[in-house]
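A.B. asks: Residue numbers (this note's numbering), protein chains in the order written: chain H, 473 to 741; chain E, 58 to 190.
Hint data in this document are derived by calculation from the structure and do not stem from the laboratory. Since the structure is predicted, the reported quantities are computational estimates derived from the model, not experimental observations. It is possible that part of the hints are untrue.
[As the list claims (entries may be wrong)] Reference listing, derived: stretches of chain E covered by chain H, where coverage requires no fewer than 3 residues with Cβ under 8 Å from a Cβ of chain H: (1) 80-94; (2) 117-126; (3) 159-165.
[What the hints assert, rightly or not] Have a look at the derived ranges for each label pair, beta carbon to beta carbon: (4) H:Pro731 <-> E:Asn151: 17 to 25 Å; (5) E:Leu75 <-> H:Thr485: 22 to 30 Å; (6) E:Thr139 <-> H:Ser714: 53 to 61 Å.
Here a beta-carbon is modelled for each residue, glycine too, at the ideal position from N, C-alpha and C.
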Amino acid sequence: MTEAGFELTVPATAENVIVVRQAIAGVAEALGLASSRIADLKTVVTEACNNVVVHAYDGDPGPLQVVAEPGEGELLVQVADEGHGFRPRANEGEASMGLGLPLIAALSDSFEISGGAGQGSRTTIRFGYSPPEAQKNGKPGSVAKELEIALTPGVIVRPVLARVMGALAARAEFSVDRLADTVLLGDAVSSSGGGDFADGRVGIAIKDAAGTLGVRVGPLVEGGGDRLMSEMEVPGAGSLRSLASSMEVTKGETAAGEPAEFLEFEVSS
Amino acid sequence: MPPDPGSFASVRTGELALERNDSGLAVLTISGEHDLSTAPSLRRRLDNLLGDRTATVVDLSPATFIDSSILGVILDGRRRATEKGIGFAVVHSNGADAVDRVLEVTGLRTELPVHARREEAFTEATGAGTPPA
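Generate the whole structure from the sequences, applying the supplied hints.
C.D. replies: Written as structure tokens, this is what we have:
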């Protein structure tokens with residue numbers, strides 16, 4: 473992944489498109505895109521996600537994966553699914569007016585859709601911007617039932633986490649105060665620097681339900697969970713831990729099967 | 058760093074508000090972010106209004122984001138209103154650039170049309186009560 477690389481996997485539901493949209497806006501914000509271009513990017517990514525939500529799966533929603541890689545003067549965004557590919561539908565309900573692909577075409581620099589029956593589909597969008605420098609170091613991500621984000625440590629982490637956690641808290645009908653608390657906890661994770669993450673990327677998994685967000689941070693190296701908690705101490709003001717209804721360090725493993733720690737906490741409305 | 062309060066407003070999912078003026082005109086105001094997840098509730102509101110043959114103005118001015126599914130619902134509402142001879146108009150007055158851009162790129166600003174002032178939209182909606190030929 474590049475210095476501001478980004479991967480997000482969510483269940484492909486209409487309610488999750490706003491989460492993807494906010495996350496990609498966080499990426500764009502970190503890259504310094506103008507607000508009008510951020511608005512265009514939100515539209516383009518939303519329409520690509522809508523195609524997945526409407527076309528990819530019958531019955532239970534499968535994964536919707538969004539990967540963003542800044543390159544030379546452009547942001548490459550891929551929106552992928554593991555469904556049965558685009559199929560014509562006689563009745564697509566809300567998405568039947570056929571404006572989605574023209575919007576992607578008009579607001580991106582180029583786009584293509586690949587895939588086929590049983591292979592899932594992938595929309596690849598190239599989106600020009602005036603860039604800071606980027607480095608190449610790519611790596612694909614994994615898929616899960618809950619929302620998972622993997623971010624390269626650095627400037628991208630805070631705006632992405634703030635927007636994603638803000639969107640999920642708003643959806644869970646948190647009050648403005650609790651929404652602010654949730655974003656503060658996201659900020660605390662963002663400010664950890666990334667050195668304690670076992671695979672070098674800031675990994676966050678979030679489960680949301682009515683009135684509650686469950687957040688799992690990691691995989692972390694041994695002792696990383698305790699260090700993250702101790703960094704939440706604010707001199708003279710107690711600990712940000714008190715903003716969570718529960719917080720604990722748990723044992724687990726990395727994607728490669730190595731032992732690892734996770735910091736898990738819940739925030740309630 | 059404190060959280061940016063500006064981010065909060067933008068992550069609130071959309072809301073719909075319905076008002077009626079003295080002459081019975083309904084104004085359906087769309088605020089915040091609207092997409093595939095909120096399109097069904099917008100469609101239900103429009104279904105109810107058009108089912109009651111209520112002249113309707115859709116006000117997009119406080120919307121911060123709309124996608125193609127919302128445009129689809131509005132276009133469909135416009136089509137049904139025209140078929141039934143019910144007044145229908147859309148307004149976007151000093152609203153978000155993101156919404157402006159989508160209306161512009163799709164050509165819907167002129168196609169619908171989208172009025173830049175509420176008064177113009179009221180005039181169109183209240184004056185369009187003639188059935189189609």
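A.B. asks: Look at each hint and say if it fits the structure.
C.D. replies: Hints, verified against the model:
Note: the segment 80-94 of chain E has 4 residues with beta-carbon separation from chain H under 8 Å; the three-residue rule is met and the coverage holds. Figure legend: the segment 117-126 of chain E, annotated as covered by chain H; annotation consistent (4 residues with Cβ-Cβ distances under 8 Å, at least 3 required). Here the segment 159-165 of chain E counts 3 residues with a CB under 8 Å from a CB of chain H, which clears the bar of 3, and the coverage holds. Evaluation of the 17 to 25 Å hint for Pro731 (chain H) and Asn151 (chain E) yields a failure: the beta carbon distance comes to about 57 Å.
The supplied range of 22 to 30 Å is met by Leu75 (chain E) and Thr485 (chain H), whose beta-carbon atoms lie about 27 Å from each other. Checked against the hint of 53 to 61 Å, the pair Thr139 (chain E) and Ser714 (chain H) passes, with Cβ atoms roughly 58 Å apart.
Hint 4 alone, counting from the list given before, is not met by this structure.
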